Amino acid sequence: MTLWVLLVAIAAHAKYIPDPIVRYKIDARLDPAAKTVAGHEIIVWRNHTSDVIPDLQFHLYLNAFKNSYTTFMRESRGRHRDSRFRGLPGEWGYEQISSLKVDGQDLTTSMRFIQPDDGNPYDQTVLEVPLPKPIPAGASVTIEIAWTSKLPRLFARTGFQDNFFLVGQWFPKPGVYEAKGERHRAEGGWNCHQFHVNTEFFADYGNWDVTLTVPSDFEIAATGRLRHEHTQPDGTTAYNFYQEDVHEFAWTAQPRSQVLKIERTFKADEQVTPAEIDEWSRKTGTPPEEMKLQDVAVTLFIQREHRGQIERHFRATFEAIKWFGLMYGKYPYDVLTVVDPPYNGLGAGGMEYPTFITAGTSYWPGAHKLSPEGVIVHEFGHQFWYGLVGNNEFEEAWLDEGFNSYSTGKVLERAYGPNYEYEPVFGVPVPAQPWLDLPVPRYPWKGIGNLPIGQYWEWVPLEQKYGRAKIYAEDASDDAMERFAWLDLSRDSYRVQAYAKPELTLRTLESLLGDGWPKVIRTYQQRWRFKHPDAIDFMDTVREVSGQDMKWFFDQTVYGTGMLNYSVSFTSGEAPLHRGLFDDVGGKPQLAAQQNRPQRPIESEVLVRRLGEMQFPVTVLVRFEDGSEVREHWDGQYRWAKFKYASRPKIVSAQVDPDFQWKLEVHRTDDSYQAQPVRLAADKWYLRWVVWIENVLMAFSFFS
Amino acid sequence: MTVSQAISTGLCAAWRNKAVVALFFACNLLLAAAVAAPMHSAIADHLGHSMMANELARGFSASWLTEFQLAYSGFLKGFSTAIVYGGILFLVLNAVLSAGAFEVFARAEQAEPEDGGPAPASLRWCMHAFGRGLGRFWGRFLRLTAIASVFYYVLFWFWAGRAAQFNRWLFRDSVREAPHFYLEWLRWGLLFFCCFVVNVIVDYARAALVAHPDRSTLAALGDGAGFVAGRLGRVMAIYLALGVLAAAAVLAYAAFARFFPQSSVITVFMWFVVAQILLWLRWLLRLGSWAAAVGYYRACAGEAAVPGGEPVKVTP
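As you go down the protein sequences, you meet chains A and B in turn.
203 is the number of the first residue of the first sequence in the working numbering; add one for each residue after it.
5 is the number of the first residue of the second sequence in the working numbering; add one for each residue after it.
So that you can see chain B by itself, here it is in the shape it has in the complex (with noise of 0.2 Å):
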């Protein structure tokens, strides 16, 4: 499989099981309406009757946000701690969420029938898919987390930490900054790029579990690290490629954010609608990003038939 057939059949399948965007979807927007809840009353409550608040409706005013961030100094601290434990909270519950995705996109996905026709109603209801899944996987999907975040872990110690340390002593009586600078992207860019290693090999690893669910977490994890370190190239190809269609939505956002009116509640409302739009289709990306790992790991690893469970054999 080519990468460019790995990212359209990962689109593709993605696209397909919209359902399961949409939970993933739907998840996001809540947990982050329930966290910035406390912000509404917050603001409603700073403006009371103000005049100001004419002026916020229109646009912005650093006045106003001056006013505000004294005021509300402490709320502002606790309610950027809840944005992190919501954050985590989140990181948890898309791990779960995930075992469900990974076997919609091994299962119901792969089930085609022998004579190239429709796959019956039952297997292309990607939520039963998804809830199975989700029973079957969910334990040791959320153990490849936890590794993960040790690796993690590691990685932000040394990088964002030693590395920078080091390389702020290696310049201290420098009066040269142009090396110091380029070390300082480079680590940056070390410490990106094994992240999204790392990131990959997760994702592999699950690809891995689900085509072989009878293996342990940390058996799928080395299959995923060495089917990742035998393609790295491509796999990273296809990682990065939906990742900058990911970086063109939120540039897109951006431009939609700065140039449309956001003055009365049809235009709020429809700002509103455009960024959810938008949210959306990155999440249709994340979840083409899984489908395509599942798509390229089970086409390179040659199995023709889905090993383990039960056998789909579909006969029209």
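This is chain A alone, in the form it adopts within the complex (with noise of 0.2 Å):
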């Protein structure tokens, strides 16, 4: 009867998906000194294919911390970001189930590990169930879970740090079950990925119905919304959160001591002007009735020590819930929470669950240095992709990553400028970040090594959309970003291909189709919202909105490892003078009249050469002495192409790409060449360079 009544509960409600896949209901009380969760949960899972389902399949994630030979520890080496796991006793985590029932049917002593990846016996994060009845298609199972969570000590996205708790993929979640034809799959079955460094997650979206139990002296926030608490004899409080339309539930606890509670409303109409929503309705080809924003009830819970740092949390916040409406779409969920975590707790910094995000910043930011800005701007923007946009973060991390950084910048772009990052020092702009993080070289013998001295007495306009530019360069061919991100060669290489490479692709699709983009990235977000797509859909979702077939693009760009580079030089003078034997009118070979200052015709060659992989077409801008301009296509595709012009005066300048659409091309340079080469840019920042060293050796004379 009474599991009857919480089914009925938490089948109640449902505003964006009406019958969801699956369903939670979970108790779970935290045990501050030992450092563990005990919690038990009901699921109703639904089959929702036309398949016969023979098993089920959990992600038990917290094993991934249990010993050194997990498959993320090994892959990780106990670092993350730029924490460190450093193994004491009582800082291993792991999940242990207790009992497990399906259809009230006990098969706890049938659960068995399984590691599909890459068979690594030490790696207990995905569990298998096999059923003694299988799952008839469209049937729902009931499962009933009681497990233990020991929580690891915070490096990595979850776990504690002194009483600071970030609790994430906390409880066994089943994994997805995919028919054929789902995410283009040849054959129906179970998506349950183990737990790898670089990947993160992918789950079916449903309804939570969650009661935490924590003491009462801890403030605790969570994925949706605070529905009741409830003072109990023991010293705790459980509070009750519900949520539906999200794929994960996610929570933090803490002394109330060492944090502020701060509640705001982002009001739509208080926030963005009739002006904007115009402007992104023609953009966007959007009626302006369905642009316009919801109200979003935002609380921040900020270390007491940051508290002069709330309007910046704030401001944050609110740029972004505008900026990714008016680009994509309204944010749908009427709560936001924003946590910023404690020194030494960054490993719980950055992260994304639905209606929940994790910030992270220092003790005393430079006032400009966009952070905690970009961090906040970027964990929200997850809430578009994966969190609403629920894309396979294993198989295809590019799709929200690559997306979520050209998001992000184009949001900071927009909201605080592309150079923002320089703070006013006695009215001089000066780079905000290194003055408080300044490395200081151990005198004598340590060299001044990537010290930007340069940067420290004069203002470099730093552009964001370069942000990325250095470490796509150097490691791009490493890998493809349409790959399993655990396969990739290296943690660079995968920064590479699910940040740095998607975002610059992006850029450029974005200038290749034009005023046509801003339709074509919203179709996406919208068609694909509270479903699980794959970059095919995406691909789809271009062709079809732009009307372009950019399967050239994609086939380069997304699969193929190549690099985008292209160079143009030219040659351009008179025509060589006429001699030796030339023939007559009538055809007998005569020799040349001798000339002393012949008029001769000018010639012009210009050669464009493909260095790289990528076969974009080509358009070459071609300037000549006149002032007359020439713009040449070419298909791109040979290594070399030649434009010669034999009565034209002399050429000045030649350019490839000269809209700078291409912002993929690696080496920008070469893109140009003009008949007399500009010394003026050498000399300059060679006296630059003069009047810096001269600081430098005047600072070493100090030590004299």
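Hints listed in this document are in silico derivations from the structure and should not be mistaken for laboratory results.
Cβ-Cβ distance ranges computed for the label pairs, FRET-style:
#, chain 1, residue 1, chain 2, residue 2, range
1, B, Ile92, A, Leu462, 49 to 55 Å
2, B, Trp173, A, Glu513, 30 to 36 Å
3, B, Gln169, A, Ala381, 55 to 61 Å
4, A, Leu290, B, Phe170, 17 to 23 Å
5, A, Asp308, B, Trp173, 46 to 52 Å
6, B, Gln169, A, Pro256, 53 to 59 Å
7, B, Thr271, A, Pro489, 49 to 55 Å
8, A, Phe862, B, Ser8, 56 to 62 Å
9, B, Ala303, A, Glu513, 53 to 59 Å
10, B, Pro183, A, Ala381, 52 to 58 Å
11, A, Gln298, B, Trp173, 32 to 38 Å
12, A, Glu815, B, Phe196, 51 to 57 Å
Fair warning: this is a prediction, and the values are worked out from it, not measured in the lab.
Virtual Cβ for every residue (Gly too), placed ideally from N, Cα, C.
Assemble the dimeric complex from its two separately framed chains, guided by the hints.
Below, the structure written as structure tokens:
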């Protein structure tokens, strides 16, 4: 009877997905001293396919932290971002199931761990449960699990730091069963990968009804809306959260003494002007009434020692809600929680969960450092890319990280301007970051290393769009974007393929599609909300909305490992003298007449070369001495092409990609050529170096 | 002598001996120009006939910098090393040249005629005293630099190494950053303060050495340390006041470089000239601090005449 009531309760409400595949009812209790969460969950899982399913598969993510031989730990070597796992006693994590029932039948003894990705016998992050009776097409099963999670010390997305807890990937969670044809699968089957260091997650959308019991002096933040709380005699409080149409549930808890809870509302009518709605309505081809955003209750949990940054957190959050909403459609949930993790807890920072993100800042960030702003905008962006458009992060990480990196750059440019990361010191713009994070070399035998000395004396504009160009150019040919991320050559390569290259690819695609792009990307976002698209679905959307077949582009950028690199040069001068024997009118060979200063025609030849593997249609802009210009077009296929001019003035300059559409071009310097080299550039920057080095030498002389 | 008197005395002395200031400035400029020379050809080679040169001549291109860093990564590594070696070379050169500068401030500057009139040209011609000091003290000044290097090394080893590790270890499990943050600033502050103290001791040891040419390096160092220890507040006040003026010159340069357009041969040349004027000014302040040290040492030591060497007696 109790179970039936629960099921009815969690079946209620569903704003966007009337009949979700999965519904959760979870009760869990945090033990701060033991660093454990003891839980009980009831999952109603529906076979939405026409397959008969003989087993269930679950993620037990926390087992990645069980020992040093798990796939996660072998891949990470105990490091994630800037955090390091020490592996001291009490710091390991695991998930222990004490009871598992399916439709009331105890299957605890039939559970077994499988390793579908790498066969690592020490990895216990995927659990398989063979069923005594297969699940028919369209049928549902009720799964009841009791388990205990021991949280690891925080270094990668989940765990504890002192009494701060980020509890993510913390409960036994069903994998995704995909039918044949879903995400273009050849055969139906479970999609339930092991936990890898580079890849993140993939899950079905569902409804969540979660009750969490924590000490009463703890502040708690979680996915969804807090429905009610109940203080208990044992000094704990039970909080009930509810959220529908999301695919994950995470939460944090920490002593109230170290955190502030601030609530504000993003009021769409105040934050977005009619002019902005009109602008994006035109750009995206969306009726103005569909452009309207909705109000969002934003709750910020910020460390008390960061109280001076409250406004910065809210501004970044509001800017993100506004610009993502205008570009891609409104944020559909009415709540958003932003958590600022504590010092030494940055392993919890920069994580995205539905309606719940973690940020990350330092005690005294530069006023213009765009930290925490950058991470807030990025993690909020994941509400759209991965949260709403639920791609498979294991298999196609670029579909969320890449789209989100692209979107983050766009929002930051819109909200803060391209050169924001400089702050005025006595009226002089100084790069915001280094003056607090200055890596002072040890005197006297350590070099200046990577110290960018010029930045300390002069203002060098840093444009958002070039932020990832360097790492892209260094490593882009090691892997392809469309590849299971854990198979990438290295973590650097993963970062390029998941973040840098897709960002530049989308910027290039935006340039190539021109005004049609905002409609393309918005349509993709809207069409695939609450679904699981793959790369092909995106490409199909591009073709359909833009009316252009961009297969040539995606074949090279998404599936290829080549680089885009063209160059141009030219020769231009007088045609050679007529010397030797030429046929006269009668056809008789005759020695050419001697001429002192003949008036010879100008002959010019432009050479365009393809130095990289990518083949793009090429436009070459050629300018002549008389001010005229011509645009040549080449299919860019063969290794080179020449354009010859016999009856025009001398060429002044030639330029490949004159409209700067190719953000993927790795060597832009040789994309243009002019008759006369400009020496002033080298002279000017040499003189700057002289001044910088004079300062360095002077600093050295201090120690004499 | 008060702090302000010492500062004004020092600055006036440096101003009167502009040739010495120019010598330091010229050594600095020439060495920097030599070290930076490969950068000119590297940039010119990389740009070739590219129109990117127009953009760089007008302003700056982050795109170009990205490419340049990748294409010339090996060169840039070597270039960084060359700057460091250039710095070490200049450190030694500066130690040697400072022997001449201190002699100038100790002798030519102290050679005041009995009637208060101008000193004879032979004494006012500072380069004469400069050469004499160079020949007489360069060895001991270098030894002072070597000893100071050991102190600096220990200071960096402790404050930038051990103390930093300790601070990290102390707060490795803390969830509050503030104590760690302020201790870091304290650590850096103490490092800089200790470096300043060593620097000041070395300067006053030099002043003691030229005042008492028969002293050994160690004796002069002890004298300098004792002198600074007895007057730490005033000595540091003189030192920091001139340091603040030098910092103001750096900021003035930064503001100028930021806002002055550098897009033509003329404007680039003007910018470079202004930069050099400000650097010359900083050398003037640096030598002014040495002259102030000499003057303050002499005043506090109560020496009416310059001891040692040839007595300086000026008759009208």
